[in-house]
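Chains Z and W supply the protein sequences, listed in that same order. Under the numbering used here, the first residue of the first sequence carries the number 1, and numbering increases by one thereafter. Under the numbering used here, the first residue of the second sequence carries the number 1001, and numbering increases by one thereafter.
Calculated from the structure, these hints are not laboratory results. In this text, a Cβ means the ideal position worked out from N, Cα and C, and glycines have one as well. Treat the hints with care, since some could be wrong.
Stated by the list, open to error - Stretch by stretch, here's where chain Z covers chain W in the computed footprint (C-beta under 8 angstroms, at least three residues):
id	segment
1	1034-1048
2	1129-1142
3	1169-1178
To be verified - Using C-beta positions, here's what the derived DEER-type ranges look like:
id	chain 1	residue 1	chain 2	residue 2	range
4	W	Ser1286	Z	Glu44	23 to 29 angstroms
5	Z	Asp85	W	Gly1091	45 to 51 angstroms
6	Z	Gln35	W	Pro1097	47 to 53 angstroms
7	Z	Ser57	W	Ser1247	21 to 27 angstroms
8	Z	Ser57	W	Asn1295	38 to 44 angstroms
9	Z	Asp94	W	Gln1381	48 to 54 angstroms
10	Z	Val99	W	Pro1037	20 to 26 angstroms
11	Z	Ser57	W	Ser1358	38 to 44 angstroms
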Amino acid sequence: MWHKFLTIVPVSLLLIPCLWTQSTHIPELPSGPMQAKATTACTECHETRIILQQRLSKAAWTKEVDKMVKWGAVVDPQDRDTLIDYLSANFGVDQKEYVADRSTSASGKRGTK
Amino acid sequence: MISRRKFLQGVSAATLAGSFAHPLPTWPADDTSLTIPGKEELIVRSYRFLDLETPVEYFNSWLTPSNHFFVRNHMHEPSTLDPAEWKLSIGGEVDRPYTLTLAELSKIEKHSVVNTLECAGNGRAYHSPKVPGVQWQKGAVGTARFSGPRLRAVLERAGVKPTGKHVMFRGLDEVPGKVPPFIRSIPIEKATDADTLVATHMNNAVLAKHHGFPARALVSGWIGAASCKWLTEIKVLEREFEGNFMSPGYRMPNQPAKPGETVKPEDTHPVTGLNVKSLISSPSDSAILNSRTLNIQGVAWAGEADIVRVEVSADGGASWQDAQLAADRARYAWRLWNFKWKAPNSGDFVIAARATDSQGRTQPSAPVWNPSGYLNNSIDQVRIHVA
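Just need the whole structure built from these sequences, with the hints factored in.
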């Protein structure tokens, strides 16, 4: 079955193994009512790590969301308050510290933590 | 053997990826490290935009190798950059506006500056309460030899008018959405300083793309944001450039702010030169050491001033002793230092380092809070256990 499926996949898609594994490594925003909308609104311009590393008060998140809307983030006005609540709850001042990844060069040398 | 489900997930990711204008990161199988060509073992603060921090253990050489040098991008790097097509325009308050190709720029006499480049937000993560922005810890700093024509040589060809008081840099950063472009300016006095460059080389190699290929400004001793990358326009202005990254960005309160306080823009000034600061590169924080005899090492820098003293405390700041400064030095470059210490007994110790510069400045014991988390130069310390 698997082999039959493989034969109909365009060859071009098989030439991009580097993209193959990334879906499991792009950090996702936490689950919640605004997960999908926050992902869409924020990651148009920057990736999730920028959000994951913040530890801000609700007042600070409010300023950030309003600034980002001014800079082009598409947030439905009726979602604004819920988005601020979502970010404040998940990336508030009391959350544990975010631990960053390490880079590795194209040589394939394994990075360490 | 990859499962069909995983394969489909991969195809889905690949299809989605086709809609992105910029290359995506890649990961080796079964590894959470992120493949970034030319950048080895850096701390990934962000991939889009690329923000990479150097772990402090790499601050053990006077010049930081380019593959370990931090990266700070505000926007997307230029997606295409053909050196044959690249041009640098010089205009504004000048008598003879003109344009340089890379070949023409390379014919102008080169000058080299060994400069410690530090992001204004380095150490932002240690502010309390925390402030928004890239949560740099210690390593948004590095020292390299930058080479290229002096900016003043480029300006002299255009003939700066007496009305020209500031010099603006525009890069080829690609701006998403309605984000304001990353454009900043510096005063004419700094622009015409002998050590302000249009740098084309870093550590004797052509600038890497992450560091501004083919040319970047190099404003020695100032915050990294002054040294615009992927330079494409230099414009002489009558007054400071007005834009987000001059105000409200990159400004400090005129008076010390209370933690969490809002500061009015009119009560702020631009961030320019770097603070006096030192970091401990060895031993590492939380190290467990089997020997009681230690060589404590680090770096110290002071922007436009000179480091005159580094002191080390092995008792959490109760007493201090002078460290030895290494011989390598240049006006805008950090000094390596070391301090040999013998632990009096086994146990836990707090090692701290404190620098003093030629202007008499030294380091505070705690971060000086400000709304954007700039210029944190609080005393560095590591906690170790000697067995």
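For a quick check of understanding: which of the numbered hints are violated here, in increasing order? Numbers 4, 9 - these are the hints that the structure violates, sorted from lowest upward.
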